[in-house]
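Enquirer: Next come the chains, spelled out residue by residue.
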Amino acid sequence: MNPQILKDLQAFYPEITLTATLLAVILIDLAAPRIRQATTFLFTAIGLLLALALTFPLFAAKSGTLFYGMVALDPMAVFFKGFLIITSFLILLVAPGSKEIAKEHIGEFYTLLLGVTLGMVLLASATDMLMLFLALEMVSVSSYIMVGYLSTERQSNEASLKYFLFGAVSTGSMLYGITLLFGLTGTTKLVLIREAIIHGAGDGNNGLMLLIATIFIMAGFGFKTASVPFHFWCPDVYTGAPTPVTAFLSVGPKAAGFATLIRFFFTGLSDTAGSIWGFFPAMNWALLVLMISIITMTLGNIAALRQENLKRMLAYSSIAHAGYILMGVVVLTPQGLQSVLVYLITYLFMNLGAFMVVIEVYNRTGSFELNDYRGLWRRSPFLTIAMTIFMLSLMGIPPFAGFFGKLYVFGAAVNHNLAWFAVLGALNSVIAVYYYARVIKTMIIDAEPEGAQAPPISLSWTSHILMWAMLLPTAGLMLFWDRIQEITSNSITLFFG
Amino acid sequence: MDTNILTQIVFYFFAAMTVLSAVVVVFSKNLIHSAFALLFTFFGVAALYVFLGADFLAATQMVIYVGGILVLLIFGVMLTHKIAEMQLKSETFQFWPGLALVSVVFLGLVFVMLKTTWHSAVVQEMKPTTAAIGELFMTDYILPFEVASVFLLIALIGAAMIVRRRSQ
Amino acid sequence: MIGLSHYLIISAALFSLGIMAVMTRKNAVNVLMGVELILNSANLNLVAFSRYAWMNLDGQLYAVFVIVIAAAEAAVGLAIVLSMYRLLKSVNLDKADTLKG
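Protein chains in written order, with this note's numbering: chain A, 1 to 497; chain B, 1001 to 1168; chain C, 2001 to 2101.
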């Protein structure tokens, strides 16, 4: 075999582990029903942890591209690898506890989870448009299936169909844009595209084509990150899918989408001069992303105000958060990039935590409606306090994690003379307070409906541990602050060729 | 070869076949007609690939698109309609605004495409591509190649999982 | 004289027709056909650029992978459509709208 490929394989252990685990789980799932549930779970867990462990040494590796320029190995890719594997691991822990995941063929669910993790990891490190598209489709198709996991439930099926149709069109349009970009530059490798544009591939008349190609490509990115105007699938899909899948979608593919968006724009379409990224005169993509960011956060927040279904509300909330994250991308500085990474870390824990509470309540009450959260304070003080902390964090109240995420993003904007942008973000956060606070009020203050009092809720010890695992980072992020600062500032290096 | 008048006639024939059958796919009220028109579209595209010197790709297009995807689509059409309802009209909604919008998109795309100065390479003699593609699969494109196989595996398992009859 | 622009116009037509199908057709299988049209138009672009603009094989390789991806997507899409049909006895998208948009 080619020595170059053999050498690249040594930097590819996490992905190899994921694939090997995937194949192993498929085979184990053929075993007897009694043992396969536990065995597949165990193997998936071990596989994910092993992949995570193999990711850490990669931080120290030399930056470069692997497999003839298909994927990059740089600190940002390694950061996202770790982040995405952790996300999948947490979802793995949550999924069996939810009543919505049918236990009978759960081995297939684990298989899909591993597959989508592999796809996300590749997506976050792809430096070639072909690899990018392939990984994007891998994540998307696996997600369509996961959403339709309850194929006998009408809502799950409908959500899956809507997700599929919307996704296929968005990624198809993105592909069309990629082909136009290929036509302009003659290559699919991001670094070579950048060089071609520097040498004039987008000048004069071609600038319009470049703009159109980029807009088409944004269709795919917008779809994956649920930004306006490609967010239409989000509320319906989040509501219809099994809640563990919704929780996963709100963090995993979204983060991977941001990773690839950053890599595409920063290494494909910008002109580096020192540590400040500029943009080509032909194409002011920063302005485009800025407008998308503002519209996204505003629309998400305003739409969430009217929602009575908790999953739907969290869907619009996650759309709004995508807007805040985009703010960090628009600010073309290392601080901006770091703010995106910090925000994603905080968002992971507070969002997953909120969804975990929703899962627990659904397991006991069978409902996602806000009305059925009334009097939760009496039934389970622990869940209520946990949810309150997650809501406060999502609002951005100090000292919780969400505050730091917003602080970083707004701070990056202010430092780059975009103070008005930060003010808009802050105003949006104020609007958001209403619907997050409404949940808290319903749980603690609202009186329960007349009639038989519902019994108290007691959580299994696994649920307790998981909830604490989400609460600690959300409430106590300040304690880990130095470590997070260190990790994120080391992770913003992208490979530029 | 490109200036040969016969070549041009054949090209325009296949181009017309492709676009016109695509029109039937989109606007026909009968779903079976749409499915069979799609067959001609795929075939036309394969012919255009041959004109562009992509012989391996043309064969792949025929085998996978016509032999695989189209058959799957026709199965889908058949299985989701009772046989007696084969004349069922698929309703359309918001037709005229959609047509207007799409026409604008089309004209806009064509305008920008014609205005752009595309790089033009020295067009060489057409060579068989299969060997070169095979070699590229094993060197430059080995990672997408392997990832695509895992992707297909997952799609296979997932599709079977969704359609399997649940024992309720 | 057949040139690059001929192929680009054909692909733009296919793309537009695909978008039209996706936007206006109510039958899910029809929408899937529209998606296939879009993917084919992109493939045509790739191969045309590959030959006329840059004379390399990258475009053709890319097109092979797109065909593979399209096959997988079509399979999963049809599985979802079939599953919905079993539940609803219809693949009319109007009936599949209980989730409030």
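Hints are computed from structural coordinates only; laboratory data are not their basis. Take these hints with a grain of salt, some might be off.
To be verified - For lysine-lysine, the following DSBU-like pairs were computed, each having C-alpha atoms within a straight-line distance of at most 35 Å:
{"hint": "1", "chain 1": "A", "residue 1": "Lys441", "chain 2": "A", "residue 2": "Lys99"}
{"hint": "2", "chain 1": "A", "residue 1": "Lys7", "chain 2": "A", "residue 2": "Lys62"}
{"hint": "3", "chain 1": "C", "residue 1": "Lys2026", "chain 2": "A", "residue 2": "Lys441"}
{"hint": "4", "chain 1": "B", "residue 1": "Lys1127", "chain 2": "A", "residue 2": "Lys7"}
{"hint": "5", "chain 1": "B", "residue 1": "Lys1127", "chain 2": "B", "residue 2": "Lys1115"}
{"hint": "6", "chain 1": "C", "residue 1": "Lys2026", "chain 2": "B", "residue 2": "Lys1029"}
Said to hold, decoys possible - Quick list of the computed label-pair ranges, beta carbon to beta carbon:
{"hint": "7", "chain 1": "B", "residue 1": "Val1105", "chain 2": "A", "residue 2": "Asn371", "range": "39 to 47 Å"}
{"hint": "8", "chain 1": "A", "residue 1": "Gly200", "chain 2": "B", "residue 2": "Gln1124", "range": "54 to 62 Å"}
{"hint": "9", "chain 1": "A", "residue 1": "Ser63", "chain 2": "B", "residue 2": "Gln1094", "range": "44 to 52 Å"}
{"hint": "10", "chain 1": "C", "residue 1": "Arg2086", "chain 2": "B", "residue 2": "Gln1094", "range": "38 to 46 Å"}
{"hint": "11", "chain 1": "A", "residue 1": "Leu27", "chain 2": "B", "residue 2": "Val1105", "range": "27 to 35 Å"}
Claimed, not checked - Just so you have them, the derived chain C footprint on chain A, three or more residues with Cβ under 8 Å:
{"hint": "12", "segment": "37-50"}
{"hint": "13", "segment": "72-79"}
{"hint": "14", "segment": "95-104"}
{"hint": "15", "segment": "203-211"}
We put the CB at the ideal spot given by N, CA and C, even for glycine.
Enquirer: State for each hint whether it applies.
Expert: To see whether the hints hold, each was checked on the structure:
For the given pair, A:Lys441 sits about 27 Å from A:Lys99 by alpha-carbon distance, which is consistent with the 35 Å threshold. Taking the CA atoms of A:Lys7 and A:Lys62, the gap is about 13 Å. The hint holds against a cut of 35 Å. For the proposed pair C:Lys2026 and A:Lys441, the alpha carbon gap of about 43 Å is over 35 Å, so the pair is violated. With a C-alpha separation of about 33 Å, the suggested pairing of B:Lys1127 with A:Lys7 holds against the 35 Å cut-off.
Restraint check for B:Lys1127 and B:Lys1115: satisfied, since their Cα atoms lie roughly 31 Å apart, inside the 35 Å limit. Of the supplied pair hints, the one linking C:Lys2026 and B:Lys1029 holds, its CA atoms being roughly 11 Å apart against a limit of 35 Å. The supplied range of 39 to 47 Å is met by B:Val1105 and A:Asn371, whose beta-carbon atoms lie about 44 Å from each other. Range check, A:Gly200 to B:Gln1124: about 25 Å between beta-carbon atoms, so the 54 to 62 Å window is missed.
At roughly 50 Å, the beta-carbon separation of A:Ser63 and B:Gln1094 lies within the given 44 to 52 Å, and the hint holds. C:Arg2086 and B:Gln1094 have their C-beta atoms about 29 Å apart, which leaves the hinted 38 to 46 Å range violated. About 48 Å separates the C-beta atoms of A:Leu27 and B:Val1105, a value inconsistent with the hinted range of 27 to 35 Å. Figure legend: the segment 37-50 of chain A, annotated as covered by chain C; annotation inconsistent (0 residues with Cβ-Cβ distances under 8 Å, at least 3 required).
Evaluation of the coverage hint for the segment 72-79 of chain A: breached, as 0 residues show C-beta separations to chain C shorter than 8 Å, against a requirement of three. A count of 0 residues in the segment 95-104 of chain A with a Cβ less than 8 Å from any Cβ of chain C is obtained; the coverage claim is therefore unmet, three being the minimum. Closer than 8 Å: that is the beta-carbon criterion, and the segment 203-211 of chain A has 0 residues meeting it against chain C, so the requirement of 3 is violated.
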